[in-house]
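J.: Sequences listed follow chains A and B, in order.
For the first sequence, my numbering gives the first residue as 1, with consecutive numbering after it.
For the second sequence, my numbering gives the first residue as 1, with consecutive numbering after it.
Please keep in mind that the hints were generated in silico from the structure rather than gathered at the bench.
A portion of the hints provided could be inaccurate.
When chains are identical, the list treats them as one kind, so a pair holds in a single copy or across two.
To be verified - Listed below are the simulated SDA-like cross-link pairs for lysine to any residue, each with C-alpha atoms no more than 25 Å apart in a straight line: (1) K40 / R132; (2) K216 / R200; (3) K137 / R208; (4) K137 / S207; (5) K216 / N194.
2 protein chains.
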Amino acid sequence: MKHTPHQYVHGHSDRESDRLRYQASKLAELLHHDTRYPPKSRVLEAACGVGAQTVILARNSPGAEFVSVDISAESLAAARDRVSHEGILNVTFRRADLYDLPFGPETFDHVFVCFLLEHLPDPILALNNLKRILRPKGIITVIEGDHGSALLYPDSPHAHRVIDCLVELQRQTGGNALIGRELWHLMMDAGFRNVTVSPRLVYSDESRPENVEGVKNIFIAMVDGVRETAIRQGLIDPGSWDEGIRDLHRTTEQGGTFCYTFFKAVGRKEG
Amino acid sequence: MKHTPHQYVHGHSDRESDRLRYQASKLAELLHHDTRYPPKSRVLEAACGVGAQTVILARNSPGAEFVSVDISAESLAAARDRVSHEGILNVTFRRADLYDLPFGPETFDHVFVCFLLEHLPDPILALNNLKRILRPKGIITVIEGDHGSALLYPDSPHAHRVIDCLVELQRQTGGNALIGRELWHLMMDAGFRNVTVSPRLVYSDESRPENVEGVKNIFIAMVDGVRETAIRQGLIDPGSWDEGIRDLHRTTEQGGTFCYTFFKAVGRKEG
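Work out the full structure, taking the sequences as your base and the hints as a guide.
T.: Encoded structure:
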């Protein structure tokens, strides 16, 4: 089955690339510290984008051999530059469509997917395609967020409204920004075994300035990135948008708190 | 200042006592594993209720001397029975009003409060009262939940409606069931120093049957405990209530997931 490239709700601007790299480095420890691949193992990183996670994965498992694929030639070029700039040698890049992967069955020992399923109309089909190229007993790791997990103080309906606009726009392009909580059933429905899901909560208050910066530069920047589209599509007016973003920023100021939960799932192919 | 005892939104039934003890034992590791008091230190457990946490605290710090207080003579009697039944000897019980504590200033090295502030109209006043009886550089530990953190799959507006009924009833008795996210500012506003807040997320899916039982016996039982009151007060009709509870149970069945986040804050009195 052949699909056209999925639309990426956050766009492909330089600002978005910066945001993705910032996100990957800040969240690296929380999300990736327990992902380590043995020497000589063959790992497919599906949808590597601009290489934000690639650098972290490859560094954490210097003996493993990574093949990182993406459908966007532009993103791949950026990923290649980045990895080369960092002097990392254990990654091969290849342009590939997730729905028509140029690999034989049972080619890889491991598959790694991060922030991808949330953008796909049929995540179970994607997981099945990835299972096909995984060897028997091979392991898949899937990481996704869930915008419904955002917990704000002070709470604000205006802030939730701008988050909901992003959720709606992602839904319109066939995605699901509330997918984190679904990883368990998606992995089971795709036929993986020994599935374990571990939620990873990020919390910020004034005593954690690094997390506060993360909320601003990752979450709020991501939401605000769809401002023009949301307004153009009539989901919200500019005044309400700005009010919502202001209230999101309020959670990063005096006395404010912010929580967000990522979900990491690991499963095994039958064998 | 003298206050009348606060109303306890969950009531004082045997079923509620069982629920509280179940809750305390299942959540003990997650919430209390990092609470340890040195030998000879004097610890006030404020609002010990039926002694659900008391047993755990006293066991984890066998050399510390606990004074556990509550305003309800009935709860205290149950707590005494429980602690005595367990052969625990380092706890003294005393009936006391949190707003008129029968202890001199700077009496205790540590104060421990769990699931209390959520029921109080003025949590900062309560924290200030507790600070008074804490010695300089003494440490306070506060644990609270936040019903807004409930993340459901399948998600359901009916389920959120019954949760919202509990939040509203608690609000009507002067409490705040969304207080977890506020611990940071409450501790700061009460003048504590070196405050750190650590969220503790509980997650359940079918691979974690113990957590699934916890969702049923702790969270859903707690919500369903206010059924009659919510209906009597006209917040919801019986059919909608039952639909909401059914949808909450659905999260504990095939493919379902449930998340809830507790918040633990630790702070120091100036000295």
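J.: When Cα atoms must be at most 25 Å apart, do K216 and N194 count as within-copy, between-copy, both, or neither?
T.: between (36 Å within a copy, 24 Å between copies)
J.: Can you give me the call for K137 and S207, within, between, both or neither, at a CA distance of at most 25 Å?
T.: between (44 Å within a copy, 19 Å between copies)
J.: Please work out whether the CA atoms of K137 and R208 approach to 25 Å or closer within one copy, between two copies, in both situations, or in neither?
T.: between (40 Å within a copy, 22 Å between copies)
J.: Regarding K40 and R132, is the shortest C-alpha distance of 25 Å or less found within a copy, between copies, in both, or in neither?
T.: Within one copy only: 20 Å inside, 62 Å across.
J.: Quick one: K216 to R200, C-alpha cut-off 25 Å, is that within a copy, between copies, both, or neither?
T.: Intra 18 Å, inter 23 Å, cutoff 25 Å: intra and inter.
Against the hints set out earlier in the document, no violation occurs for any number.
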